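Participant: Residues per chain are reported as follows:
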Amino acid sequence: MRRAESTPLNMVTAVLVTCAVAATSLTLTYEVTRERILAQERAAEERALRAVIPAGEEFEIVPDVLDEAREAAGDTPVGAVYRVTGVDGTFIGWGVRAAPRGYAGPIQLVVGLDRAGIVSGVSIITMNETPGLGTKIVTEEGWIEQFVGWDGSDIAASARDFDAIAGATKSAVGVREGVVAAGRVYEDVLMSEMGEVDVP
Amino acid sequence: MREWIAVFKRGIAIDNPLTVLMIGLCATLAVSTKVEGALFMGLAVIFVLGMSSVIVSSIRHLVPEKVRIPVFIVIIASFVTIVDLTMKAFVPDVYDFLGVWIPLIVVNCMILGRAEAFSYHNPVRLAVADGLGMGSGFAIVIVVLAFIRELFGSGEIVFLGANLLSLPDGYPAPGILVLFPGAFIVFGFIVALTAWYNRRTTGRTVETSAHCTIEEGGR
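Protein chains in written order, with the numbering used here: chain A, 1 to 200; chain B, 1 to 219.
What the hints contain is simulated information worked out from the structure, not anything from laboratory work. Quick caveat: nothing in here was measured; it's all calculated off a predicted structure. It cannot be assumed that every hint is accurate.
[Stated by the list, open to error] In silico BS3-like links for lysine-lysine, alpha-carbon gap of 30 Å or less: (1) B/K88 <-> A/K170; (2) B/K66 <-> A/K136; (3) A/K170 <-> A/K136.
[Unchecked claim] One-sided excerpt, in silico: chain A residues whose CB lies under 10 Å from chain B: (4) T7; (5) I37; (6) G105; (7) S123; (8) I125; (9) W143; (10) Q146.
Quick reminder that beta carbons are idealized off the backbone N, C-alpha and C, glycines included.
Here chain A stands alone, though its shape is the one from the complex (with noise of 0.2 Å):
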């Protein structure tokens, strides 16, 4: 069998009919397994709020103050703000969604803070740090811990005070900037607004 020649029309044919199957099959993929994505995601997200703030029980976006939320944050991405209720609906606390850059890309962690703006805990989502280096920040036995307890609502105060990891300090750094970041959107945003939305 001999090979289509390149005439206009076999390579606009070809090129289209290519182009019709691709999209196709990929739109079919896409529905398949489009719902598994999201539950991942949120699955995760949750996974991770739970560890910050175990005691709470219901974890609620409040999309009206991300945007100032973000302006406190500075050079730090913030990707969401969760207002936590407990069992029997009293609200106790704040999580920060936020992606500081670590050593290789952005370090994905979720900040939590108790009412008064202590942070209870941090956790992180994902990240590319470095195996055996970077990855301390999460292996290295207790040092996440030393977040807990700085205080959002002075947090350059608390930052002074924070032990980097050796052959890791890009990506601990990251971490702590996520954490002042968490500490400012909570100074600058949480703090006013914390007497509107806690009105029973």
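Let chain A serve as the given structure and place chain B on it in line with the hints.
Facilitator: Same frame as chain A, now just chain B:
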């Protein structure tokens, strides 16, 4: 059948895309820090290479010479996107680790190179052998590379959350192995080993090609 096996085996040893043809190296060196990531990268490449070989070869008479590259790219990109979405849905941790390297399979010259050099000129039967052989050759090398780097570089091998293998606690893990220079050092040894093996089995020195050169016509 003998011909089929011969083509398949070429991809693994004598024409190994990584250690002999030296194509598709960037992704290999970048993701071979974890066995888990490397294995899924290998599987992804086997799938994309196998499927694109089948399609390119079966429509090779219908695709005019002048538009073959755009057509190849669309086909390859479709399979890569399918892999991308599937991994995101079913193995999110691995997907996060591989990150941008999954979409980058599209521009991996190994895949386009095989479509251009082999599948476009050969029957489906042989194109499958070539795709699977080259894919397996890639997967084997990247997994071996990752195994050495992860085990000796970080002292343990973690696979899908389970600790598979770990060295004694006092082992001073040389961090350089998981950094970029380590990739080149270990890869160099694997290249040497393959060259030695190929010389022993064929009785002649197999030339290592320059980056991104592909032989015309195949077989």
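Participant: Of the hints stated earlier, which fail here?
Facilitator: 2, 7, 9 and 10
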